[in-house]
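Given these sequences and hints, build the entire structure.
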Amino acid sequence: MNSETGAGAPLVVKDVVCGFCGLGCDDLEVEVAGREVRPRASVCPEAARLLRRLDTGAEAGPASDAVYGRARKLLEAARAPVFAGLGADVDGGRAILDLAARHGGVLDHAVSDGLFANYAAAQRTGWLATTLAEVRNHCDVLLVVGEDPSASFGRFFERALPTDPLFAASRQVIVLGGTLGAAARRQLGAAGVTEIAAEDLTAALSALTQMVAGPAPRGTSFGGAAADALEAAAAALKAAAYAVAVWNAAALEDADLIAERATRLVDALNITTRAGVFPLGGRDNIIGINQLLLWRLGYPLRTAIRGETSEHDSALYATEAALKDADLLVWVSAFRPEPPPAFGGPVIVIGHPDTQFATPPEVFIPVGTPGVDHAGTVFRMDAIVSLPLGALRVATLPSVAEAVRRLEPVR
Amino acid sequence: MRIRLKGGRVLDPAHGENAVARDVEFVDGRIVAATREKADAEHELGGAVVMAGGIDLHSHIAGGKMNLARLLMQEDRRAHPEPALPGFSGAACGCGGGRAVPTAHATGCRYAELGYTTVFEPAMLGSNARSAHLEMADIPNLDTGAYLVLGNDDFILRLIKAGAPQEEINAYVGWMLKATQAFAIKIVNPGGINAFKFNARKLDLDEANPHYEVTPRTVLTTLIRAVTELGVPHPIHLHGCNLGVPGNDETTLATIAAAEGRRLHLTHLQFHSYGTEGDRRFSSSAARIAAMVNANPNISVDVGQVMFGQTVTASADYMSQYRNRGLASPKKSIGMDIELDAGCGVVPFEYRDRNFVNALQWAIGLELFLLVEDPWRIFLTTDHPNGGPFTTYPHLIRLLMDRDFRNAQLATLNKTAQAHTLLAQITREYSLEEIAILTRAAPARILGLKDKGHLAPGAVADIAVHEENADREAMFSRAKLVFKNGRLIVRDGEVIDLAPGTTHVVRTDFDTAIESKLDTWFDRAVGLKAKHFRLSDGELRGGRGPTVLNCVGGAS
Ligand code: SF4
Ligand SMILES: [Zn+2]
Chain A
1 MNSETGAGAP LVVKDVVCGF CGLGCDDLEV EVAGREVRPR ASVCPEAARL
51 LRRLDTGAEA GPASDAVYGR ARKLLEAARA PVFAGLGADV DGGRAILDLA
101 ARHGGVLDHA VSDGLFANYA AAQRTGWLAT TLAEVRNHCD VLLVVGEDPS
151 ASFGRFFERA LPTDPLFAAS RQVIVLGGTL GAAARRQLGA AGVTEIAAED
201 LTAALSALTQ MVAGPAPRGT SFGGAAADAL EAAAAALKAA AYAVAVWNAA
251 ALEDADLIAE RATRLVDALN ITTRAGVFPL GGRDNIIGIN QLLLWRLGYP
301 LRTAIRGETS EHDSALYATE AALKDADLLV WVSAFRPEPP PAFGGPVIVI
351 GHPDTQFATP PEVFIPVGTP GVDHAGTVFR MDAIVSLPLG ALRVATLPSV
401 AEAVRRLEPV R
Chain B
1 MRIRLKGGRV LDPAHGENAV ARDVEFVDGR IVAATREKAD AEHELGGAVV
51 MAGGIDLHSH IAGGKMNLAR LLMQEDRRAH PEPALPGFSG AACGCGGGRA
101 VPTAHATGCR YAELGYTTVF EPAMLGSNAR SAHLEMADIP NLDTGAYLVL
151 GNDDFILRLI KAGAPQEEIN AYVGWMLKAT QAFAIKIVNP GGINAFKFNA
201 RKLDLDEANP HYEVTPRTVL TTLIRAVTEL GVPHPIHLHG CNLGVPGNDE
251 TTLATIAAAE GRRLHLTHLQ FHSYGTEGDR RFSSSAARIA AMVNANPNIS
301 VDVGQVMFGQ TVTASADYMS QYRNRGLASP KKSIGMDIEL DAGCGVVPFE
351 YRDRNFVNAL QWAIGLELFL LVEDPWRIFL TTDHPNGGPF TTYPHLIRLL
401 MDRDFRNAQL ATLNKTAQAH TLLAQITREY SLEEIAILTR AAPARILGLK
451 DKGHLAPGAV ADIAVHEENA DREAMFSRAK LVFKNGRLIV RDGEVIDLAP
501 GTTHVVRTDF DTAIESKLDT WFDRAVGLKA KHFRLSDGEL RGGRGPTVLN
551 CVGGAS
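Chain order of the listed sequences is A and B.
For the first sequence, full-length UniProt numbering begins at 1 and goes up steadily by one.
For the second sequence, full-length UniProt numbering begins at 1 and goes up steadily by one.
Keep in mind that the hints were calculated from the coordinates and are not lab data.
Warning: the hint list may mix true and false statements.
Stated by the list, open to error - With a straight-line cut-off of 27 Å between C-alpha atoms, the simulated DSS-like cross-links for lysine-lysine are: (1) B:Lys202 x B:Lys161; (2) B:Lys517 x A:Lys14; (3) B:Lys161 x B:Lys178; (4) B:Lys517 x B:Lys178; (5) B:Lys331 x B:Lys202; (6) B:Lys531 x A:Lys14; (7) B:Lys331 x A:Lys238; (8) A:Lys14 x B:Lys529; (9) B:Lys6 x B:Lys38; (10) B:Lys6 x B:Lys450; (11) B:Lys178 x A:Lys14; (12) B:Lys202 x B:Lys332; (13) A:Lys238 x B:Lys332; (14) B:Lys517 x B:Lys531; (15) B:Lys161 x B:Lys517; (16) B:Lys178 x B:Lys529; (17) B:Lys161 x B:Lys529; (18) B:Lys202 x A:Lys238; (19) B:Lys517 x B:Lys529.
Claimed, not checked - The calculated label-pair distances, taken between Cβ atoms and stated as ranges, are: (20) A:Pro337 x B:Pro165: 48 to 56 Å; (21) B:Ala208 x A:Arg124: 32 to 40 Å; (22) B:Gly458 x A:Pro337: 53 to 61 Å; (23) B:Asp492 x A:Pro409: 27 to 35 Å.
Stated by the list, open to error - Here's a subset of chain B near chain A, in silico, CB distances under 8 Å, partners left out: (24) Arg77; (25) Thr103; (26) Arg130; (27) Lys197; (28) Asn199; (29) Lys332; (30) Ile334; (31) Gly335; (32) Met336; (33) Asp337; (34) Ile338; (35) Glu339; (36) Lys529.
Quick caveat: nothing in here was measured; it's all calculated off a predicted structure.
No residue lacks a Cβ here, since even glycine has one placed at the ideal position from N, Cα and C.
Next comes the structure, spelled out in structure tokens:
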């Protein structure tokens, strides 16, 4: 970290790595004074909200030994725990996985719906994908399916389509079934933007895919999108040197169908030119935890460890479904104050100190935030790049890994 | 802690010991000269064969593409659940399973059972290095290391196109080795993965990249010079152009010539030894290529033997994998352009013994093994999992050591393929000593690991003991004893303990003036800060850091 200090002035920390949305910005600037953290520059609204820390004196303190003892008792008594949320850095994930291996239980992340919508398509046919640095430099036509990506990934266009690419001769953005907001337009600068309204996004994207793959479907409109607008989009995609399709599965109805169509569209483009899918997602290190499960268990999230074996079922072991048969919920959310879902049984929360509960959990263990209170590793949405988060201030709370390791039986 | 192995027969080709009856003694993880001192433990071996732990110099065990492969191979994973680990005290270890792409834990355990103690991941992408190292940290019982994929990255292609001096290339290579904590440099389809991003579908040795106008030959010779001048012990580890394409034999021969006498390692040579003779326009060029390897002592190779059955192919060579994806079985595949760096392609594949091409691939691999004469320049690999999982090594060893067995297998294969191979006429059988060379002594030597691959005082106490058995497959399937760093981890073919491994890296001198250029490049082009791309030592092996080999450069 680069830092500048003046006499009595707050510490300015540059090149801060952000682990919140999965886009992996690593050039943030914040001001740190004692326990207070104030975002200064290169910060999207979400990061600004989640990084800001004020020293109110009312912050939750570390959990007592008695609290840990209660948590251990609950874990030992549980026959079917669910470990959910899983908003943690990789080390935190490792500790949770060890704990789950010891007690058995289901593992799922808070925002895995989008991930599994994408996998549903991908596991049938596979997919042809790309990563951020390729998009930045090669992409000349970007197809956005659905809402403005900036809504969930504040700096998306600034990061994905900077104005000085190495290779792309021009930049064009086609938005299907959505409109770009002011922030997106500002970040895009001179790039051309075409918005195509649609009522039924799946039908509109199916038609577009069919137009690219051929033969073109007959009709004047598809899913509420005008045929000539779709045809122009198909022509632009086919003429592109490097087209990229993005969508945010978490924000879409029928996300699995959208993912499947987008995958097919990119497959068809690659026969004559180059293209890749770039699925948006990756909040709270879901990708890192998923990667960890893949190399440790051989399965993605939504996997249950029972006895000495594990099994994966993307429907059965989704948090909501798994909770129906569970007798304990262990909820982990270190990146943001996200309360656990409603559950009839006992709940252990290993979470952000500002978490507000509708019903107080049996056990609350406040933990520090990765990238604010302690270092850690998080993965970017493309699952290729991972980043080292640093600490901005002295931690008064344990990390997820430290807290979870204290839940192991005392010897 | 002093441990003594008594009554074994020592096979240590690095010191010319061929089944020498002597004790092997080690203290705290290092082999020492035999003493009469009281040992803390003694193992009576009753004539069993004692070798250094196996070293696999090319096996895909970690990194993003293996996780993509795991995603695609859920059926394989389900079919190979967690094994029970009798003797392993403790609760469920959550260790996973799988055969074609085993989990990190299963990788460490299955390798250990075969007597292997060190394995190198041969295709780590710089952009994925942190992830690969995180994964390697979770592999028990093995020391690891990774080769960094270079030569398709836009930074080096820009340097070459701009006519940058070799010193600047060397500085970049030195910086990258350090930044990604790598052990050697791998080139995959030199410049071809990059060319695919500009829509080229193939790139021959002397064909220019459509954007940079740089040829694979230039990429290759530039990087050969870089590792030579930096003093990296392992030569350039090359996955050549035109993988799997009939007629790539010419490219391979031209590539050997392109090295112009400088050291070069050709990996999974089997996939690069295809001619175009016969009705099927697919033939073995193993004899021609082996003759060229024999005539060029600067060349080393590993085979990438094909073994029949279900597996998955995972490679940085997206250009080739895209071409091959129609052959996927089951019918699904993944491809990815990656980070101005390289790419990856993952294609599930089933090698079938009744299929002409697959049967001939099997025969071509064995022809290479048997026709390359110098066991110090050829290595036993299946390019795990690309030709088959590493767990098939014992079967492969039997094929090499037992001619009757080999010919009996050959007789069951696709008839046309049988007519296209000279395998049946080859009488050579590998000796035990040669197997020990291929699987431990030679890899240690070519990797520059001075304290591995042998059993002289000072060596790391990575030791495998195998009971003699005329059935060589049975003999090598279950090690009698395996010690990792002096610690007993396998007894009678079962893992009984988990030892932490280390990760080998190299460090070279380099001109740090390159750093400001890289800062600008990462900021502007990559969109990630160079300092965040770079891994610190503490990020390896759960904070324990790497085992560093400092290179002495200057040679050219
Ligand atoms: S866009 Fe995402 S990664 Fe970038 S600053 Fe905002 S929350 Fe952080
Ligand atoms: Zn390989």
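Hints, one by one, checked against the model:
| no. | hint | in the structure |
| --- | --- | --- |
| 1 | B:Lys202 x B:Lys161 | holds, 20 Å |
| 2 | B:Lys517 x A:Lys14 | holds, 20 Å |
| 3 | B:Lys161 x B:Lys178 | holds, 24 Å |
| 4 | B:Lys517 x B:Lys178 | holds, 16 Å |
| 5 | B:Lys331 x B:Lys202 | holds, 23 Å |
| 6 | B:Lys531 x A:Lys14 | holds, 12 Å |
| 7 | B:Lys331 x A:Lys238 | holds, 25 Å |
| 8 | A:Lys14 x B:Lys529 | holds, 11 Å |
| 9 | B:Lys6 x B:Lys38 | holds, 13 Å |
| 10 | B:Lys6 x B:Lys450 | holds, 25 Å |
| 11 | B:Lys178 x A:Lys14 | holds, 24 Å |
| 12 | B:Lys202 x B:Lys332 | holds, 22 Å |
| 13 | A:Lys238 x B:Lys332 | holds, 23 Å |
| 14 | B:Lys517 x B:Lys531 | holds, 13 Å |
| 15 | B:Lys161 x B:Lys517 | holds, 16 Å |
| 16 | B:Lys178 x B:Lys529 | holds, 16 Å |
| 17 | B:Lys161 x B:Lys529 | holds, 24 Å |
| 18 | B:Lys202 x A:Lys238 | holds, 21 Å |
| 19 | B:Lys517 x B:Lys529 | holds, 12 Å |
| 20 | A:Pro337 x B:Pro165: 48 to 56 Å | holds, 55 Å |
| 21 | B:Ala208 x A:Arg124: 32 to 40 Å | holds, 38 Å |
| 22 | B:Gly458 x A:Pro337: 53 to 61 Å | holds, 57 Å |
| 23 | B:Asp492 x A:Pro409: 27 to 35 Å | holds, 31 Å |
| 24 | Arg77 | holds, 4 Å |
| 25 | Thr103 | holds, 4 Å |
| 26 | Arg130 | holds, 5 Å |
| 27 | Lys197 | holds, 6 Å |
| 28 | Asn199 | holds, 5 Å |
| 29 | Lys332 | holds, 4 Å |
| 30 | Ile334 | holds, 5 Å |
| 31 | Gly335 | holds, 5 Å |
| 32 | Met336 | holds, 5 Å |
| 33 | Asp337 | holds, 5 Å |
| 34 | Ile338 | holds, 5 Å |
| 35 | Glu339 | holds, 4 Å |
| 36 | Lys529 | holds, 5 Å |
Against the hints set out earlier in the document, no violation occurs for any number.
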